[in-house]
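Asks: Given next are the chains, with one letter for each unit.
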Amino acid sequence: MANAMPETTQQPAIEVTGLVKTYAGVTAVNNISFTVPRGQIIGFLGPNGAGKSTTMRILTGYLPATSGRVSICGFPVASDPDAVKRRVGYMPENNPLPEEMRVSEYLYFRGRLKEVPRRKLGSRIDEVLELCDLKRVRHKIIGKLSKGFRQRVGIAESVLAEPPVIIMDEPTIGLDPHQILIVRDLISSLRGRMTVLISSHILPEIEMTCDRVLIINQGRIVAQGTPAELRREVLGQSAYEIQAAGPLGSLTFLLGSIDPGLSIASEGPPDALGFRTITLTTLNDDDVGEAVLRACLSEGLRVRAISRAHPTLEDVFLAATRRSWDSVAGEPRTRGTP
Amino acid sequence: MKHFFTILSHEVRMLLVSPSTYIAGVAFLWLMGFIFTGILEQFSKASQSESPAAIFFTLYWFPVIFMVPLLTMKCLAEERRMGTIETLLTTPVTTTEVVLGKYAAAYLLYIAFWASTSGLFYILRRFAGDAHLIDPGPIIGGYLFIAVSGLFFVAIGVFASALSRNQAVAGILCTTILIGLILGGRYLGSASWLDRESLAPLKAAVDYAQISRHFEDFTRGVVDTRELLFYVSGTVLALIFSILSVEAKLLHS
Chain A
-8 MANAMPETTQ
2 QPAIEVTGLV
12 KTYAGVTAVN
22 NISFTVPRGQ
32 IIGFLGPNGA
42 GKSTTMRILT
52 GYLPATSGRV
62 SICGFPVASD
72 PDAVKRRVGY
82 MPENNPLPEE
92 MRVSEYLYFR
102 GRLKEVPRRK
112 LGSRIDEVLE
122 LCDLKRVRHK
132 IIGKLSKGFR
142 QRVGIAESVL
152 AEPPVIIMDE
162 PTIGLDPHQI
172 LIVRDLISSL
182 RGRMTVLISS
192 HILPEIEMTC
202 DRVLIINQGR
212 IVAQGTPAEL
222 RREVLGQSAY
232 EIQAAGPLGS
242 LTFLLGSIDP
252 GLSIASEGPP
262 DALGFRTITL
272 TTLNDDDVGE
282 AVLRACLSEG
292 LRVRAISRAH
302 PTLEDVFLAA
312 TRRSWDSVAG
322 EPRTRGTP
Chain B
141 MKHFFTILSH
151 EVRMLLVSPS
161 TYIAGVAFLW
171 LMGFIFTGIL
181 EQFSKASQSE
191 SPAAIFFTLY
201 WFPVIFMVPL
211 LTMKCLAEER
221 RMGTIETLLT
231 TPVTTTEVVL
241 GKYAAAYLLY
251 IAFWASTSGL
261 FYILRRFAGD
271 AHLIDPGPII
281 GGYLFIAVSG
291 LFFVAIGVFA
301 SALSRNQAVA
311 GILCTTILIG
321 LILGGRYLGS
331 ASWLDRESLA
341 PLKAAVDYAQ
351 ISRHFEDFTR
361 GVVDTRELLF
371 YVSGTVLALI
381 FSILSVEAKL
391 LHS
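Protein sequences appear in the order of chains A and B. First residue of the first sequence: -8, per the numbering used here; consecutive thereafter. First residue of the second sequence: 141, per the numbering used here; consecutive thereafter.
Just so you know, the hints here were simulated from the structure itself, not pulled from any lab data. Among these hints, one or two may not hold up.
As the list claims (entries may be wrong) - Here are the computed lysine to aspartate or glutamate pairs in the EDC-like style, where the Cα-Cα straight-line distance is at most 16 Å:
1. A:Lys135 / A:Asp73
2. B:Lys142 / A:Asp73
3. A:Lys131 / A:Asp117
4. A:Lys138 / A:Asp71
5. B:Lys142 / A:Glu96
6. A:Lys138 / A:Asp124
Said to hold, decoys possible - Pulled from the structure, derived: some chain A residues nowhere near chain B, Cβ distances all over 12 Å:
7. Thr8
8. Thr51
9. Pro55
10. Asn85
11. Asn86
12. Ser149
13. Asp167
14. Leu194
15. Arg203
16. Arg223
Cβ atoms here follow ideal geometry from the backbone N, Cα and C, with glycine treated the same way.
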């Protein structure tokens, strides 16, 4: 439907400014702001009760915000909820579906509610069934489908009306690794065409699918950027692990000549063969592995392995949320329902 | 109101594929047939002053009290319990359309159940062959009363369903309100302490809200606009409260 409104295509898909939501004195979302350009896939991370679901519900126009401004494709949610609802495909947490309907019936009903023209609806349903690999179960009753199929019905439903913005709250919860892979591919296939905002607990998955990640804790954004940026920003260092045997000698001095910031962070106990695990850290982002290896060999160390440690999004997430816990430790804790 | 018919047809469809609808329908017809047979037996023993239809419809409150909660308790409570209300209200549908669509579907089914009892009169006419047993006046008046009062009763059921996420609570709440309205009004109307001069306005209000009196008027063929207004305004009020209740629960969910 975005193509019917060419004047709004320059607007960012999602624009949130100073969003606050309080429930009966409890602050669930505390002054968050972010902008999502069109066509990106955004991961929304946070521990339970961080305010992810609340934020998503406000974005869809289901819940009213306490204060702040939210607009979807340039339409403010508060004053034009209908325009927003026409532009958002939403899959709530736990993916509620009517148990007693057939898959194709459900999609037809949802298509009618989402104002897909009756002529186009049949072919569009075929398309999304194909896209989500649901052709086999199109005449089955939803209540009798397995979790993976139900989840895909939810995804099919959210992309049905081809909305410019799709918001999914934990789309991969409770799926097996194979199904997660399918869902991930499905979401990746929407890249560029639709803006997708997904929340998840499964970090590797967010890392693989998302262009950008927002980490939220206690209702505030504690970090945002691409996964690589976050690593740099939150962890601020890269690490190398060397398994070597022999005396360290003047290695520390040599390391300093490679990169002034490079230093030995820790040294493990030697194993049966005399090899120790030495961890080096540096603030420099360039790969200095080869220089380190050469320095070790010139010192007469016997090196068994050297590797650059790749901090996962998990480390970033833990560091970012820990940092935010520390920064708010002095304040009274206000936590809301997710 | 663009989506009203989408929701209405969806709800009717859901009611028609649900086994509980047929169970309720069979139970209803079985009970009404039982009552009707009882009335005919009395007629066969001694001739009565009123026609069988008039007596049959005086028992309208009995199926109302158990059928209306059964038909309506699910409509909004289930949506909220399953969480499907969230997917429903994030489409370009207003709460008003959702509530009215569900209300209209429940009302249509209610009317369909009652319409099926016309078969009883047909059988009587076909086999008794006695024209004086079938007086069209009370029959038409009776069905008209059922249709008009049904508007209000079903709206009360929808309202009760909007108040709770638990179907059983909604059903019991609905039964309680209906009993209070139908039988409580009758009790208050006959209470002697209301006859005092100082309570005259209250007495007038109770008399106005006498559902059993409205019923008598209808079966006698008197269609009073004040009575129509009572049901229509009650319906509108109950539906507005249902819509507000659904929206209020969103704000505090």
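Asks: Are the hints correct? Go through all of them and say.
Replies: Each hint, compared with the structure:
1. A:Lys135 / A:Asp73: Outside the cut-off at roughly 33 Å; violated.
2. B:Lys142 / A:Asp73: 13 Å, holds
3. A:Lys131 / A:Asp117: 15 Å, holds
4. A:Lys138 / A:Asp71: 35 Å, violated
5. B:Lys142 / A:Glu96: This hinted pair is violated, its Cα atoms lying about 19 Å apart.
6. A:Lys138 / A:Asp124: 14 Å, holds
7. Thr8: 22 Å, holds
8. Thr51: With a cut-off of 12 Å, A:Thr51 comes too close to chain B, as the shortest Cβ separation is near 5 Å.
9. Pro55: 7 Å, violated
10. Asn85: Not fine: 6 Å to the nearest Cβ puts A:Asn85 too close to chain B.
11. Asn86: Check fails; 9 Å does not lie beyond 12 Å.
12. Ser149: 9 Å, violated
13. Asp167: Non-interface label stands for A:Asp167: nearest chain B Cβ at 23 Å, farther than 12 Å.
14. Leu194: Label holds. Min Cβ-Cβ 26 Å, cutoff 12 Å.
15. Arg203: Label holds. Min Cβ-Cβ 24 Å, cutoff 12 Å.
16. Arg223: 37 Å, holds
Hints 1, 4, 5, 8, 9, 10, 11, 12 from the earlier list are contradicted by this structure; the remaining hints agree with it.
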